[in-house]
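Number of protein chains: 2
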Amino acid sequence: MGNDKKLTLQSEDFSAWYNEVVQRAELADHSPVRGSMVIRPWGYGIWEHMQSALDVMFKETGHENAYFPLLIPMSFIEREKEHIEGFAPELAVVTRAGGKELEEPYVIRPTSETIVYSMYAKWVQSYRDLPVLLNQWANVIRWEMRTRLFLRTSEFLWQEGHTAHATAEEAEEETLLILELYRKFMDEWLAMPPITGLKTDSEKFAGAVSSYSCEALMKDRKALQTGTSHFLGQNFSKQFELTFQSENGKEEYAWNTSWGVSTRLVGGVVMTHGDDNGLVIPPRLAPTQVVIIPILAGEETSEVLAKADEVLDQLKNTGVRARIDNRDHLSPGAKYFEWERKGVPFRVEIGPRDLEKGQLALVRRLTAEGESRRAFVPEAEAIAKLPEKLEEFQDDLLEAARVRREDSTVRGVGSLGELEEAFDSGAGFVYTGWSGDPAIEEMVKERLKATIRVLPSQEFRSVTAPSRCVSGDRESVAEVVWARAY
Amino acid sequence: MGNDKKLTLQSEDFSAWYNEVVQRAELADHSPVRGSMVIRPWGYGIWEHMQSALDVMFKETGHENAYFPLLIPMSFIEREKEHIEGFAPELAVVTRAGGKELEEPYVIRPTSETIVYSMYAKWVQSYRDLPVLLNQWANVIRWEMRTRLFLRTSEFLWQEGHTAHATAEEAEEETLLILELYRKFMDEWLAMPPITGLKTDSEKFAGAVSSYSCEALMKDRKALQTGTSHFLGQNFSKQFELTFQSENGKEEYAWNTSWGVSTRLVGGVVMTHGDDNGLVIPPRLAPTQVVIIPILAGEETSEVLAKADEVLDQLKNTGVRARIDNRDHLSPGAKYFEWERKGVPFRVEIGPRDLEKGQLALVRRLTAEGESRRAFVPEAEAIAKLPEKLEEFQDDLLEAARVRREDSTVRGVGSLGELEEAFDSGAGFVYTGWSGDPAIEEMVKERLKATIRVLPSQEFRSVTAPSRCVSGDRESVAEVVWARAY
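The listed protein sequences derive, respectively, from chains E and X. All residue numbers for the first sequence refer to the working numbering, where the first residue is 3 and numbers rise by one. All residue numbers for the second sequence refer to the working numbering, where the first residue is 3 and numbers rise by one.
For the record, the hints were derived by calculation from the structure and aren't laboratory data. Keep in mind the model is a prediction, meaning the values are calculated, not measured.
Treat identical chains as interchangeable: a pair holds within one or across any two.
The calculated lysine-lysine pairs, modelled on DSS-like cross-linking and capped at a C-alpha distance of 30 Å, are: (1) 318 x 186; (2) 124 x 7; (3) 206 x 102; (4) 318 x 61; (5) 221 x 186; (6) 252 x 7; (7) 124 x 8; (8) 337 x 124.
Given only the sequences and the hints, what does the whole structure look like? Please build it.
Below is the structure:
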């Protein structure tokens with residue numbers, strides 16, 4: 003399969019590098035279905051770790067899982083005007099089923115607000131039934147014209163949270179609680195530190211009052227929207243008669259939020275940490291954290307294999323996800339190459355010499371410049387220390403990603419000329435003032451291919467708020483962050 | 003919501019009882035999409051426990067998870083003849099997407115053999131790439147005319163395993179390994195002990211060489227097919243050119259298996275354990291295993307609530323899934339009623355008197371006849387013993403289900419008259435000889451509405467094999483098990 007071929011260099015063609023590494027590391031593959039991919043075990047394993055971490059966080063904050071239908075009646079999706087305008091071009095439509103033409107076609111969910119709130123309307127009578135805090139893990143379809151593995155596919159996997167509240171304040175709190183939950187999750191699990199903030203009207207979710215998002219910076223200094231949390235106001239509850247009797251006996255419409263992250267995150271991890279040798283998977287997400295490679299030469303083969311088994315058991319006992327690669331038709335070098343490409347955080351090599359010396363050779367997927375990659379460590383010490391070495395690696399990846407983000411962030415840009423210059427000299431996030439006029443957004447998008455990613459949350463704002471809009475001719479109403487984006 | 007209304011009695015109308023309990027215990031609800039249901043948190047929580055138990059079992063036996071597209075090109079599903087004949091009447095078809103008519107329509111997967119094996123054909127070159135042992139957790143659609151919550155819905159959730167092997171023997175072993183894994187899972191987790199065996203040709207999976215299934219007996223003495231495992235031979239590998247170079251250099255077709263269980267299992271649990279008061283959920287599956295109900299009367303309210311919190315923490319520390327119901331608009335009695343209907347295994351009541359005496363009142367969802375339901379137990383002892391009491395309850399449920407199955411099993415039936423008599427007098431599983439002639443199956447089905455569920459596996463066969471077919475006029479080639487089935 004040409005699996006021993008070198009990857010295109012990131013510096014040569016980042017996009018080609020991405021496509022190659024995703025396929026050659028067996029994260030995913032193209033399928034015969036237009037725009038749909040197959041997620042292979044190595045990629046799905048990463049997604050499973052993301053899922054279980056998020057699922058715990060959702061449950062700790064009072065959410066429960068449920069499951070709503072894949073199909074949505076056409077008349078439902080059409081009810082909220084902005085919603086259908088936004089999604090109409092991307093719908094896949096079922097017109098025939100059970101051997102007959104359907105009287106009313108169904109769409110495959112591109113997102114589930116309409117079907118979910120139609121059910122909440124049935125379940126909620128009184129303020130006592132609120133809040134409703136549900137999440138579902140599901141597949142959705144949005145018919146995309148230009149697709150890329152993980153980043154933009156017609157079908158993708160995601161979680162979508164849908165909540166209903168008695169007051170606007172409570173729903174807004176929920177929206178921000180989830181935004182912060184996502185940020186923390188991306189920091190701690192993906193080592194992919196996003197900035198967060200409010201979307202402009204031109205980029206908000208179709209049907210929302212306001213949308214917040216997480217925006218992470220990839221190694222090519224383009225932004226990736228990695229998660230969104232929407233305050234929906236009463237837009238959907240009015241269309242679906244989602245009302246409740248308030249504490250003082252009045253009939254009121256509920257307030258909604260929705261929020262989601264998807265398998266796109268796997269692509270984000272690839273573009274945040276990968277290098278010219280392949281993937282680098284943060285230890286907390288790695289399906290295999292440590293691969294043990296026995297070096298079989300000469301007489302000691304069975305002793306080496308026995309030692310490898312012993313080390314495997316001991317690592318498993320310390321909670322490390324480890325495995326042995328004992329395929330006999332590949333050289334150790336070929337195995338190193340393959341597991342580096344797959345991004346396994348640590349490799350343990352065991353050869354006859356190591357056996358003699360009671361040591362293991364530890365190789366970390368990334369080392370600081372100048373540091374030797376292979377460390378020989380007494381066996382017991384190596385095993386005892388691996389769990390903390392994995393945590394260390396996780397922390398190092400987060401720190402490196404943070405430094406990269408900050409190093410390519412430019413603040414205090416005051417004119418369109420400077421904005422252009424910043425992007426020309428390789429900036430990632432560029433902070434400017436903004437008058438709030440969508441025409442400026444439109445113009446910059448056309449000229450520089452950059453968009454306003456967010457009006458940053460407090461913690462990401464510049465110390466001194468800009469006073470003038472980047473266009474120069476008006477006052478600024480808010481600081482904004484520009485970037486070229488996926 | 004009429005939630006305080008009594009359920010229809012099982013003895014009056016089992017089917018009405020089932021529909022009521024599923025909805026009133028908030029396991030699931032009907033949706034506006036024909037034949038699709040919404041799985042509510044209480045039902046989804048049960049499914050989550052099933053999923054995680056099975057997922058561990060699959061991984062322990064060397065399987066990995068992956069994800070394949072929801073949509074299947076029409077030309078793919080049509081390639082294996084028996085397969086499309088079986089599934090054609092149930093297909094949902096996407097004919098329009100992205101605002102255009104599609105040149106080739108897609109079907110929503112009713113099952114994924116065709117798309118999966120088309121990918122395996124791309125990935126497998128050599129015997130070294132075998133076996134491929136993948137599973138996916140997914141939704142599927144089969145357009146059913148008559149649907150029932152969980153038992154038969156147009157969309158359902160399931161897992162489907164798909165494997166490829168170098169030899170027929172290895173694939174057959176895999177088929178039986180999974181059949182046994184399912185049986186064990188249903189015994190140990192669902193307390194729903196199935197019999198297992200081979201399906202007759204008329205009931206096998208469309209496209210399989212042979213199908214095995216698990217068949218469990220519900221409380222109304224009807225059988226439910228709860229899981230299937232199929233040996234597919236080379237039927238699909240030939241259609242999708244799934245070949246490999248064997249160890250001696252020959253190009254050969256791979257051998258496949260597929261296997262699945264679905265959300266139907268939730269319905270099975272309802273019909274295996276439920277009673278006239280509602281659900282009875284086996285502790286290992288229960289989203290909440292112990293509900294704590296503070297009895298708030300008089301002055302001691304805050305002390306009672308504090309004690310309830312303390313008991314909750316202690317139970318959680320012992321690994322018990324517990325929660326407090328401290329809603330203040332419901333009486334303790336109303337709460338007892340509701341949690342019994344929801345099938346929570348144990349209830350802990352704490353009132354001022356219990357506080358004084360340092361005791362808790364424990365109530366098990368089911369007790370042996372004559373046994374008092376409410377046991378007063380010193381607090382520390384109650385908390386320490388609850389984990390084992392939950393295991394005991396789990397075991398008791400399995401034993402009771404086994405006894406019910408055996409009590410309604412009739413063996414050694416030698417004629418059609420006796421077969422009819424057996425069903426007339428309330429038999430569940432009836433064992434007879436069979437000549438292998440499908441005409442007999444057809445006739446019995448028409449006359450008695452009973453079908454051959456399986457040719458039982460060794461462990462479920464009668465000690466003495468029947469010598470004559472139930473039809474009387476021929477020799478028996480195999481013992482078979484008849485039942486009326488869902």
